[in-house]
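Asks: Residues per chain, in single letters:
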Amino acid sequence: MKKYTFTEKKDTRSGFGAGMHVLGQQNENVVALCADLVGSLKLEAFIKENPDRFIQCGISEANMIGVSAGLTIGGKIPFATTFANFATGRVYDQIRQSVAYSNKNVKICASHAGLTLGEDGATHQILEDLGMMKMLPGMTVINPCDYNQTKAATIAIADYEGPVYLRFGRPVIPVFTDADQKFEIGKAWMVNEGTDVSIFATGHMVWEAIQAGELLEAEGINAEIINIHTIKPLDEEAILKSVEKTGCVVTTEEHNRIGGLGDSVAQVLVKNKLVPQEYVAVNDSFGESGTPTQLMEKYGLTAKHIVEAAKRAIERKA
Amino acid sequence: MEVEQLEKVASQVRRDIVRMVHGCQSGHPGGSLGCTELLVALYFERMQLKEQDGKPVFDMNGKDEDLFFLSNGHISPVWYSTLARKGYFPVEEMATFRKLDSRLQGHPTTHEHLEGIRIASGSLGQGMSVAIGAALAKKLNNDKGHVYVLMGDGEQQEGQVWEAATFAPHHQVDNLVAFIDLNGQQIDGPTVKVMNNRDLGKKYEAFGWEVISIEEGNDMAAVLKGLYEAKSRLGHGRPIMVLLHTGMGFGVDFMMGSHKWHGVAPNDEQLAAALGQLEETMGDY
Numbered sequence: 001m002k003k004y005t006f007t008e009k010k011d012t013r014s015g016f017g018a019g020m021h022v023l024g025q026q027n028e029n030v031v032a033l034c035a036d037l038v039g040s041l042k043l044e045a046f047i048k049e050n051p052d053r054f055i056q057c058g059i060s061e062a063n064m065i066g067v068s069a070g071l072t073i074g075g076k077i078p079f080a081t082t083f084a085n086f087a088t089g090r091v092y093d094q095i096r097q098s099v100a101y102s103n104k105n106v107k108i109c110a111s112h113a114g115l116t117l118g119e120d121g122a123t124h125q126i127l128e129d130l131g132m133m134k135m136l137p138g139m140t141v142i143n144p145c146d147y148n149q150t151k152a153a154t155i156a157i158a159d160y161e162g163p164v165y166l167r168f169g170r171p172v173i174p175v176f177t178d179a180d181q182k183f184e185i186g187k188a189w190m191v192n193e194g195t196d197v198s199i200f201a202t203g204h205m206v207w208e209a210i211q212a213g214e215l216l217e218a219e220g221i222n223a224e225i226i227n228i229h230t231i232k233p234l235d236e237e238a239i240l241k242s243v244e245k246t247g248c249v250v251t252t253e254e255h256n257r258i259g260g261l262g263d264s265v266a267q268v269l270v271k272n273k274l275v276p277q278e279y280v281a282v283n284d285s286f287g288e289s290g291t292p293t294q295l296m297e298k299y300g301l302t303a304k305h306i307v308e309a310a311k312r313a314i315e316r317k318a
Numbered sequence: 001m002e003v004e005q006l007e008k009v010a011s012q013v014r015r016d017i018v019r020m021v022h023g024c025q026s027g028h029p030g031g032s033l034g035c036t037e038l039l040v041a042l043y044f045e046r047m048q049l050k051e052q053d054g055k056p057v058f059d060m061n062g063k064d065e066d067l068f069f070l071s072n073g074h075i076s077p078v079w080y081s082t083l084a085r086k087g088y089f090p091v092e093e094m095a096t097f098r099k100l101d102s103r104l105q106g107h108p109t110t111h112e113h114l115e116g117i118r119i120a121s122g123s124l125g126q127g128m129s130v131a132i133g134a135a136l137a138k139k140l141n142n143d144k145g146h147v148y149v150l151m152g153d154g155e156q157q158e159g160q161v162w163e164a165a166t167f168a169p170h171h172q173v174d175n176l177v178a179f180i181d182l183n184g185q186q187i188d189g190p191t192v193k194v195m196n197n198r199d200l201g202k203k204y205e206a207f208g209w210e211v212i213s214i215e216e217g218n219d220m221a222a223v224l225k226g227l228y229e230a231k232s233r234l235g236h237g238r239p240i241m242v243l244l245h246t247g248m249g250f251g252v253d254f255m256m257g258s259h260k261w262h263g264v265a266p267n268d269e270q271l272a273a274a275l276g277q278l279e280e281t282m283g284d285y
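Taken in sequence, the protein lines are chains A and B. Counting from 1, one number per residue, gives the positions in the first sequence under full-length UniProt numbering. Counting from 1, one number per residue, gives the positions in the second sequence under full-length UniProt numbering.
In isolation and in its complexed conformation, chain A is listed as follows (with noise of 0.2 Å):
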């Protein structure tokens, strides 16, 4: 199992912000809208350089989308930033028709996605965003896994001329992946080259699925492991190609069952090649209130989850 360490740990969103910071400096077309949580999105380094480039909607988020999709039609790249919950679901009919049938340069950025926003419970934690966005047709579905490929990621869905969803999160997890990457959009990226089990998982999952590969391996199970940044497009060819291997699949990711990049990858299955698969996200349900690390081990979102699937697979396997 190749080693994967850090030195730090930093929250998703401030890579998102961070990458703002480096496009402000870079792109003179890149605009940064917020509905009232500039903080929450660590849009300050933007704001303070760019003044004239950030625009302030208040809690608006159906009119933030609307005004984004407008300003792509003066050749500018909308950054339109909120929590998932209000940047999907409470504006899905916006983006429909303004962003994504209208194939506008727009890219909605969302934080606090998921479980791991903590303590404000479900009507913030949401669990159906991914589900939400990938069905739009041509809209990209970014969901990167810890600081620094949030911040790579920002940067290149600059230059991609379309509409994207970026989901981040709140909570610190370790920064293991390169400072200077290069995000390629649509590429799926191999963690650990395995042969017994083919583990694809997307945000802070990832990290996850890192230390149920040493929990495997312990027990001499040799686990591939590859980070599925972008659910759509979705690397079709990386997934084949690792199940050629290994003959089974776990899915996870911090998304509830139905919909999410788990119904992507057993849709390339079915298609393919069918071989077991085993999903590690949340039963159908909503979220609560709780510490992150209390609500991952409750609805079955940690190392150990992945790894009573990895064995149930391989199980089924033969």
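Check each hint, because a few of them may be wrong.
So these bits of chain A aren't anywhere near chain B, every CB distance computed over 10 Å [claimed, not checked]:
#, residue
1, Ile55
2, Leu240
3, Gln294
4, Arg316
Some, not all, of what chain A presents toward chain B, calculated at C-beta under 7 Å [claimed, not checked]:
#, residue
5, Gly66
6, Ala69
7, Ile73
8, Gly75
9, Asp120
Computed far set for chain B versus chain A, every beta-carbon distance over 12 Å [as the list claims (entries may be wrong)]:
#, residue
10, Glu158
11, Gly201
12, Tyr228
13, Arg238
Keep in mind that the hints were calculated from the coordinates and are not lab data. For glycine and all other residues, C-beta sits at the position ideal for the given N, C-alpha and C.
Given chain A's structure and the hints, the job is docking chain B onto it.
Replies: Same frame as chain A, now just chain B:
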């Protein structure tokens, strides 16, 4: 263009509207007929549009020209006809309205790359936000062009409209002129009965808009005068709202003033009766 010439264009646009809607036996003639003077006055007289050799040139970004957005997308027939008659796309294409493989979708869309359309609309309440974004982009680009957006009065019942209404004065979007088509009708009946908007002028004033009225929204001279006044008030820190009083179905006597013609197509007999009231001035498509 002189008023008389613009009225001739409007007459042809009205013929196009009823013929398009008749041709596919669906669509929205009422609001289209009511907004004919506004769209003709904008496109044929008031808006600064990019042109080459007397023909309009469409560019999605619309830099250094005026932009128009239709928020109440269901009155697409009046927009399609105005765009075609202006020269954005061939008038023959109007025959494909609402039919399979057409660029003239039931509600306007950019998806089929129809010249003149910059955003999809149809799901109500979204157009003013988009227009505000386009107006802000013009300011960021030091572009002196203006942005126009038309909404329906029933559409004022959508919450997003009021998010946008709050936003525009706060950000001093003073290169924007918005119109409300006050025809007093919506699908289920008169607007005052379905959901009373009460005094929209006072509401927008309270939100920080400069509000003016065009009382005779189907009188070409009155519309031109109102547009001139709206334009003269731009650039002073506030967005402009124009309350455009129109008659739904205006120009065809049996369609006028009733919500029944919001989304109903005329049959062959009704088409003949309607065309009998509308002079063919530019040649039917």
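Asks: For every hint, state whether the structure bears it out.
Replies: These are the hints, each one checked on the structure:
1. With a minimum CB-CB distance of about 7 Å to chain B, Ile55/A fails to clear the 10 Å threshold, and the non-interface call is violated.
2. For Leu240/A, the condition that its CB be more than 10 Å from all CB atoms of chain B holds, with the nearest at approximately 32 Å.
3. Taking the minimum C-beta to C-beta distance to chain B, about 36 Å, the non-interface status of Gln294/A holds against the 10 Å cut.
4. Separation of Arg316/A from chain B is adequate, the least Cβ-Cβ distance of about 44 Å exceeding the 10 Å criterion.
5. Interface hint at Gly66/A: satisfied, since its Cβ lies 2 Å from the closest Cβ of chain B, which is below the 7 Å cut-off.
6. Because the closest C-beta pair between Ala69/A and chain B is about 5 Å apart, less than 7 Å, the hint holds.
7. Nearest Cβ of chain B to the Cβ of Ile73/A: about 5 Å, under the 7 Å cut. The hint holds.
8. At about 5 Å, the closest approach between the beta carbon of Gly75/A and any beta carbon in chain B falls short of 7 Å, and the interface hint on this residue holds.
9. Taking 7 Å as the C-beta cut-off, the interface hint given for Asp120/A is violated, the closest approach to chain B being about 23 Å.
10. Some Cβ of chain A comes within 12 Å of the Cβ of Glu158/B; the nearest lies about 9 Å off, and the non-interface call is violated.
11. Under the 12 Å C-beta cut-off, the non-interface status given to Gly201/B relative to chain A holds; the minimum distance is some 21 Å.
12. Under the 12 Å C-beta cut-off, the non-interface status given to Tyr228/B relative to chain A holds; the minimum distance is some 25 Å.
13. Remark: the non-interface label on Arg238/B is consistent with the geometry, its nearest Cβ contact in chain A lying 17 Å away (cut-off 12 Å).
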